[in-house]
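> Chains as they are written, first to last, in my numbering: chain A, 1 to 166; chain B, 1 to 407.
Just so you know, these hints were derived from the structure itself, not from any lab. Beta carbons are placed, not taken as given, at the ideal position from N, Cα and C, and that holds for glycine. Do not take every clue at face value.
What the hints assert, rightly or not - In silico DSS-like cross-links for lysine-lysine, where the CA-CA straight-line distance does not exceed 27 Å:
hint	chain 1	residue 1	chain 2	residue 2
1	B	Lys384	B	Lys41
2	B	Lys98	A	Lys145
3	A	Lys44	B	Lys221
4	B	Lys63	A	Lys145
Claimed, not checked - Here's a subset of chain B near chain A, in silico, CB distances under 7 Å, partners left out:
hint	residue
5	Gly55
6	Ser59
7	Phe61
8	Lys98
9	Arg241
10	Glu338
11	Tyr341
12	Phe379
13	Pro380
14	Asp406
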Amino acid sequence: MTYSKEHSQAIQARFPDLVWSTFRDETRCVTDRGMLFDVLEFLKCEQGFDLLVDVTCVDYLNYRDAVDRFGLVYLLANTAINERINVRCFVNEPELSVRSATPLWQGANWMEREVWDMFGIHFEGHPDHRRILMPDEFTAHPLRKDYPLRGRGERHNFPVLERGAS
Amino acid sequence: MPLVETQTRDLAHDEEQEFVWTLNFGPQHPATHTTLRLVLKLEGERVIDAMPDIGYLHSGFEKIGEHLDYNQYVTVTDRMNYISPMANNVAWHCAVEKLLDLDVPPRCQYIRTIICELARISDHLLSTGAMGLDTGAFTFFLYAFNQREKIYDIFETLCGARFTNSYTRVGGVMHDATPLFVEKVREFVRTFPRTVEDMERLLNRNRIFVDRTKGVGVLSKVDAIGWSCSGPIARASGVTRDLRRDEPYLCYPDFDFKVCCMREGDCFARYLIRIAEIKESLKIVAQAIENLPEGPVNCEVGDRAHLPDKSQVYQTIEGCITHFELTMSNRGFEVPEEECYHATEAPNGELGFYLAGDSSDVAYRARCRPPSYIHFAVFPHLIKGHTLSDVVAVLGSLNIIAAELDR
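Produce the entire structure from the sequences given, and follow the hints as far as they go.
Below, the structure written as structure tokens:
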């Protein structure tokens, strides 16, 4: 289901800078990282997008004609009238951080932790900012495109244990 | 046990007390069923706090998805929620077909709907059965598992594999359904309701089971939405969202079925929802198998998505060219440089795939939205204040599949 016309007029009046697009009946908007939280808050509190379906990220390192490195995606849904909207936000290398959406949705907690774990994007104000799937001592972010599929990876960094040392 | 007034007194204060002790629940424990770990803070038998520690089964499925093509990756989706692999296959290829803008023929849609609903029955049988097992009802578990074998037999007739089916393909399925498959599904539709009746008679009014699940792990409607819950867990808390009705895909609009909802939001409500959904799924299967349309099961040669039949490859020039192009490494599918998300109502909740295409045969990003991962995040919230024995009841009612949880 797409985002209806009259609603999108309300948000366009409030945030004129958003870039809108539609693909396969999905409405998407692109916002910058400073405004991301305000857009999400507006969509949740004023537009009734009460369900955060998923938070994910795409690393555009090798993507043709891409200018930005990471694209964060927030998939929202309205449970009352069954509409969906995808909010995207591009972030780049030195400033890899956005404001966390956990004050709006408790469910964002683990989703954002996974994005941090896999892509290394920092979420400001996150209550429990730890790795979730990889072990705590892991140093890399494995879903980045510069992380290889095969190879020994970080395993060779583990210290060699000797008999009697422990 | 249901919460009583004295048990909910200020938990934050209790945490500083010296009598609090820590218990590691898992990673290997009979009641976790798979590999997941909980660090529980206990005061006597009362759980003050629970910290899930996951990642033991993390196998990089999303990374592999960036290196396998759209047909190969279906074998990996089998291994996500391995108690209903057919539902994952269908979810994956529905997402791919949305990205490629393909419409599959009606016969294929009907077959996919039938296998999705059979997978839902099989999944609910296992999750309610395992929940019964954890709360002491062993016979109930055996009743459920016996019928799961029948569903495995049906899948074996359809595609040769019982467990990891990998049945769907881009623009179609692996093999067409045979008359034997239709016969077996009809037989299942005829014999299965008796088992559900038996199962209900065993547990619905069973004093031990009801006492152990009623009022345990209550999730309110507001919390269910706030924690992004979906599927039977959200519906047990009063959220009336079901993607089969709200965002129809495949041929669900053709069928008459009800969306089952309850208000209580406790473990018992989640159990009842699953039993009710089994009955509704059976209704859908019965309608679909009687109205199974004739005709081709895969996309036409002109769509250039599914490998043509051998007769077409050898006897027509279009079939030959399509077969040749689909198997060449520099041709294959016509994928737009775009991104889309498609969600299906898997047995456990909303299972969606976020795909980014980059005009090659391989997805640039294949994100899976796993319902188990989202539901396990709610677990500490559900268990706070309950006793240690309730941990297994709540875990069983959430139906956490670690392979899908960690991917």
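> Give a verdict on every hint.
How the hints compare with the structure:
Simply put, B/Lys384 and B/Lys41 have alpha-carbon atoms about 10 Å apart, close enough for the 27 Å limit, and the pair holds. With a C-alpha separation of about 25 Å, the suggested pair B/Lys98 and A/Lys145 falls inside the 27 Å cut-off, and the hint holds. A distance of roughly 16 Å separates the Cα atoms of A/Lys44 and B/Lys221; the hinted pair therefore holds under the 27 Å criterion. At most 27 Å may separate the alpha-carbon atoms for a hinted pair to count; B/Lys63 and A/Lys145 meet this at roughly 9 Å.
Interface hint at B/Gly55: satisfied, since its Cβ lies 4 Å from the closest Cβ of chain A, which is below the 7 Å cut-off. Interface restraint check for B/Ser59: the shortest CB-CB distance to chain A comes to about 10 Å, outside 7 Å, so the restraint is violated. With its C-beta approaching chain A no nearer than about 11 Å, B/Phe61 sits outside the 7 Å limit, and its interface hint is violated. For B/Lys98, the interface hint holds, the least distance from its beta-carbon to any beta-carbon of chain A being 6 Å, beneath 7 Å.
The beta carbon of B/Arg241 is positioned within 7 Å of a beta carbon in chain A (closest approach about 5 Å), and the interface hint is therefore held. Proximity of B/Glu338 to chain A holds as hinted, the smallest CB-CB distance being about 5 Å (cut-off 7 Å). Interface hint status for B/Tyr341: upheld, as the beta-carbon distance to the closest one in chain A is roughly 6 Å, under 7 Å. A cut of 7 Å between beta carbons decides the hint on B/Phe379: the least distance to chain A is about 11 Å, and the hint is violated.
Annotation: B/Pro380 was flagged as interfacial toward chain A, and the flag is violated, the nearest CB pair being 10 Å apart, outside 7 Å. Residue-level restraint check for B/Asp406 holds (minimum Cβ-Cβ distance to chain A is 6 Å; threshold 7 Å).
The structure shown violates the earlier hints numbered 6, 7, 12 and 13.
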